[in-house]
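S.K.: Those sequence lines, one after another, are chains A and B. Going by the working numbering, the first sequence opens with residue 1, and the numbers climb by one from there. Going by the working numbering, the second sequence opens with residue 1, and the numbers climb by one from there.
Calculated directly from the structure, the hints in this document are not laboratory data. None of these values were measured; they are calculated from a predicted model. Some clues are possibly wrong.
What the hints assert, rightly or not - Listed below are the simulated DMTMM-like cross-link pairs for lysine to aspartate or glutamate, each with C-alpha atoms no more than 25 Å apart in a straight line:
(1) A:395 to A:125
(2) B:34 to A:643
(3) B:73 to A:447
(4) A:376 to A:480
What the hints assert, rightly or not - Just so you have them, the derived chain A footprint on chain B, three or more residues with Cβ under 8 Å:
(5) 35-46
(6) 62-73
Beta carbons are placed, not taken as given, at the ideal position from N, Cα and C, and that holds for glycine.
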Amino acid sequence: MTTRKSSGKPRAAKPAVKAKAKAKTTGKAKTRVAAKATRKASAPKAKATKLDLELELPPPAAVAAAEPIVEQPAAAPVAAIEDFVVDDDTELAVVQSDAELANLFIAEALDHLGTIEAKLLELDERPEDTSLLNDIFRPFHTVKGNASALGIVSVERVAHKVENLLDLARSGRIQVGETEVDLVLRAVDVLSLMINDVGQRLAGQPRKATGAEAVTLVQQVEYLITGQLEAGPAVAAPVTETPAIETPVIETPEPAAVAAPDPGEEPALEHDRRGATPSRRRDDVPMLAATATAIKVDTRKLDNIVDVVGELIVVQSLIAQDPALSALVDGRLARNMAQLRRLTADLQRNSMALRMVPIRQAFQKVARVVRDQSRKAGKPIDLVITGEDTELDRKMVEEITDPLMHMARNSVDHGIEPPDAREASGKPARATVSLSAYYQGSHVIIEVKDDGAGLNTQRILESARRKGLIAPDANPAPEDIHRLIFEPGFSTAAKVTEVSGRGVGMDVVRRNIESLRGRVDIRTEYGQGTTFLVRLPLTLAVLDGLLVRVGSERCVLPAAAVRESLRPKPEQVHFVQGQPRMIQVRESVLPLVSLGSVLGMSCEALDPSAATVVVVEEGGSRIGLVVEELLHKQEVVVKSLGDSFSAVRGVAGGAILGDGRIGLILDPHGIVTMVRDGSRRAA
Amino acid sequence: MSTATTGRFQREELVGKYLTFALGNEEYSVPVLKVREIIKIMDITAVPQVPEYVKGVVNLRGKVIPVVDLRLKFGFPAADYTERTCIIVVEVALSTGARMMGIIVDHVSEVLNVTTEEIEQTPQFGDEIQTDYMKGIAKVRGHVKILLDLDRVLGVDGTIAMPQPSAA
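The following block holds chain A by itself, in its conformation from the complex:
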């Protein structure tokens, strides 16, 4: 924490002096002076000398004139736009001839950039950990090397410049602070854009104008390098006597945005520790053999394995239940069949596990959002991440990233109070956002928790009444009130959002999570913070289903949506225009429809009191579905019906049932919507 504050402060001064380049330079120079000074104070003597030799230390007199020295590189044209805009596609000549190679490069590079981003965020937390610099440098070097080998000049040039910066940082000649981390993060963004663009260009899309961004970036990198190298040693000698404790205080104007209370808090200790750590300490640590333990596989190949294994299970059970076979009474056969069953089940479990990846990649993106957003909003935040190794389906990880980012952004923007307000209410000025994932049965729970202001129940209730989301005289339980923030009408209006304290689009978050067959809950305490609990199935590939018969077909209803099933007594069914249209379940009256007729399947009209009614709940509304028969509960493997049936409503996919036939998996959301639309049309 201390490290963060001391390095955070100078940076926070930046916006204030941004208007004038000169002023900025001054600020920066001073900052570095301070940093260098404290570091030098305790750095090994040998190292200082080495630096001196290499950098031709200016006479101490130059200290006073630190300004002009630093300004000079900014004036010099360090990077011309031409260097980064290769107009024709000559740089793509190599990759164009080999699409596979190109895709490999792109996938690998983006992978590396992801790693780099994660490590940068760690570095932001622990700038003193120089091993992190190595972890960042290596993949960067690889990206550069690959780009260069393939002749993708623009990427190589940008990567090269940033690598220079990293190399200097690695060898301890540049001090790493937030500015540096920010810059390299930006470099990661720019490079990701450029590399994605390579893919787009290969696919025949026009080139995006990434050149200007690249040039700005490179200029900033060069500026930073020159600035640090010249400013650093320039003051190194004279300030060795300066008490380290003073430096952060005198050099920087107190920033209003980022509250760093207690500025004098033991910086000396911190710097001592840092100084005592030789920066090359872990240079010789052998590279982790991460690449050797993992291979990249096309997901289609995985899907094929899962498909075939699924069939194997079906065939295995068909054989096991074959009457001819069960007529044989043979101990050895029975043993072998049991063994076969165990092995196929094992194979299925393993093949399912192939699709599972740690949630880390989603958390990483959230971490980045929190970091950026906290800087932007001027709210210092500690992000605590736990359980990033929790594994779930790869597709889930991809799909949950956006909702998580949205929730985290909301927490930072609206949940967490400004530092002064926090202090006023007796909380630490630094807020904490925690992100955690853990297993619970066959589900994964993801928590996004903040220690901010919490939801204001009364205000939500008031605005919900104003918006007409609930009846004026309704008095729902607090939990139900909090859930109102997920209502579409609630959060879209900016004014309501303001009072509610939560941002736009929570309804989208809920919808996205529900489309993953998950649910989101809120726990909040006014003044203490809010926790979003996201509950997701481990995989979208397997579904807990309830098999029902409709006409001659068997359909699968997701068990999560089924509230109950009943054989209604005649007096429970209410008729409208001669048709059974409503059913009374305890005190509530629900719309009643025949599943077959909603879907538009051919089947005869059913007398509900002679059939089974399944009560399905979706998005808060419940309906009764008449089915011919309730068969049993079964875990099914979910398959897509393909694009051909994308316009079919009420059907989510297909499941291969025990006998090898396909049962349609129903989409409760679609069915409820269809019923609602249907009655609206009829009205």
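Assemble chain B onto chain A, guided by the hints.
M.R.: Chain B only, in chain A's frame:
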């Protein structure tokens, strides 16, 4: 008939091996390279809200594939499925990529090698007959075989659901 093309296609493009099959008394054919396999008619799971000719989906070794009854698609009267009724599993190129689909035919006949000389231009039938899914015709040993353009038969974008489902 002396032109080098048969409408949209060069004759040379149409030369090759074809799998021929029967619908009623007519002979149709599809390029052998498009055929993945031929299976006996099996239980088909009906999918709601689709045109009548889309019979539903089947499980082909763990893959869900749509099945189209070509008789109904081409306006023949429906016929009971027999021992000889087959599902030809073909690969169709759609705008969204290659897809496997099953087509139900009365029976499969043979594999033919069609030469340049045997290919004829698709005649103009007037408005009543749709010809855009015909690549051309081949006259082989006195019999006319219609060369099907499967990518068109099964819809350009592959969406076979009706645009306006009849809900509730």
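S.K.: All hints, please: hold or fail.
M.R.: A quick look at each hint next to the structure:
no., hint, verdict
1, A:395 to A:125, "violated, 30 Å"
2, B:34 to A:643, "holds, 19 Å"
3, B:73 to A:447, "violated, 52 Å"
4, A:376 to A:480, "violated, 33 Å"
5, 35-46, "holds (count 3)"
6, 62-73, "holds (count 5)"
Violated hints for the displayed structure, listed by number in ascending order: 1, 3, 4.
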